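Novice: Sequence:
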Amino acid sequence: MLARNSDLKEAIDALTSFESQFNHQYHYPVVFLNNEPWTDEFKRGVSAIVSGQSIFDTISPDLWGYPDHVDQEAARAHINEQGDRGIIHAGQESYHHMCRFYSMKFYDHPAMQQFKWYWRLEPGISFECPITFDPFAYMSRENKRYAYTIALQEVGATVRSLYRVVSDYKDSMHIAPSSYWNALINRSWAPLPIRWLLRLAPYRDINGDEWNLCHFWNNFEIADLDLFRKEDYRHMMEHLDKQGGFYTERWGDASVRSFAATLLLKPEEIHYFGDDMCYCHGKFCSPGINLLDGKTSCPAQRPVLEQDRKGTFNEMCHLRFRQASLI
16 MLARNSDLKE
26 AIDALTSFES
36 QFNHQYHYPV
46 VFLNNEPWTD
56 EFKRGVSAIV
66 SGQSIFDTIS
76 PDLWGYPDHV
86 DQEAARAHIN
96 EQGDRGIIHA
106 GQESYHHMCR
116 FYSMKFYDHP
126 AMQQFKWYWR
136 LEPGISFECP
146 ITFDPFAYMS
156 RENKRYAYTI
166 ALQEVGATVR
176 SLYRVVSDYK
186 DSMHIAPSSY
196 WNALINRSWA
206 PLPIRWLLRL
216 APYRDINGDE
226 WNLCHFWNNF
236 EIADLDLFRK
246 EDYRHMMEHL
256 DKQGGFYTER
266 WGDASVRSFA
276 ATLLLKPEEI
286 HYFGDDMCYC
296 HGKFCSPGIN
306 LLDGKTSCPA
316 QRPVLEQDRK
326 GTFNEMCHLR
336 FRQASLI
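Sequential numbering of the sequence shown, starting at 16, is according to the numbering used here.
Treat the hints with care, since some could be wrong.
Have a look at the derived ranges for each label pair, beta carbon to beta carbon [said to hold, decoys possible]:
| no. | residue 1 | residue 2 | range |
| --- | --- | --- | --- |
| 1 | Pro206 | Asp83 | 42 to 48 Å |
| 2 | Met331 | Asp86 | 34 to 40 Å |
| 3 | Asn201 | Gly60 | 23 to 29 Å |
| 4 | Ser66 | Arg202 | 36 to 42 Å |
Quick caveat, the hints were computed from the structure, so don't treat them as lab data.
No experiment lies behind these values; they were computed from the predicted model shown.
Positions of the beta carbon are idealized from the N, C-alpha and C atoms, including for glycine.
Please put together the full structure from these sequences, using the hints given.
Specialist: What follows is the structure, encoded as structure tokens:
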């Protein structure tokens, strides 16, 4: 769990839910990371909830902060400009650092080196139904490497150049598109001269095809950490990092992770847990429909269905990813 000392109440609420619905059966350890030293109050508060080991550590400046190739003064100017435009979280310097950290640094933190599997938890989340199986064991047994519960559309203003950068990288590395990659793309059927013009627009590739902004919402993700530690993932992240978009824009780790997973994993290695866990983050909840058998008190949660580009759950994204898993 990445958190701040001021997140104590929200962290306790999230961990209470996690423990009561799942971890009281398995006693998995929880790693707490912060870019500032932990207070004794925070450590006592969350340790009283976690049934397994609580591991507290801080994030060193080489993992949290501007990389050497970024002009910090120019980056701060971009961040201030994004904040002035009212782009969500984009005016917060620490949020940009967080997106970069989760995209390409957290798995190298010393506290994470002992682990092969990882389940992301955040302050304020909740699990509304009992989780009666071990997702780590399931993923290991079924050769799954990445799992999600909710699909959203990204806030377009935060990622205007990301798809073009990723698409160009895919082509340069001769990576064959998978069914999940295709689920992200709206193909253009315009004649060639118009396609040449379309490629100049945001969210478009060199062929004029458009990213539909769908992505895995990764405030919940369960993953094989070896996926991130492999050379192909590191190479892709280093390429993205050099483009500067974590600061000149506000590239989110969810979209970055989604592109990486769809390019570097086989479709059968990606798993959807949304029907097996009723996970909630704010107003968004995964369905958990496989749990609604009349034997639990789990509410019949349905995700918010809003057809727009404001970062809400979108039925189109959900259906495209589910169809991709069947191909």
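Novice: Compare the structure with each hint and give your call.
Specialist: Hints, verified against the model:
A C-beta distance of roughly 45 Å is found between proline 206 and aspartate 83, which places it inside the suggested range of 42 to 48 Å. Range check, methionine 331 to aspartate 86: about 39 Å between beta-carbon atoms, so the 34 to 40 Å window is met. Taking the beta carbon of each, asparagine 201 and glycine 60 are about 47 Å apart, not inside 23 to 29 Å as hinted. For the pair serine 66 and arginine 202, the beta carbons lie near 49 Å from each other, so the given range of 36 to 42 Å is not met.
Against the hints set out earlier in the document, violations occur for numbers 3 and 4.
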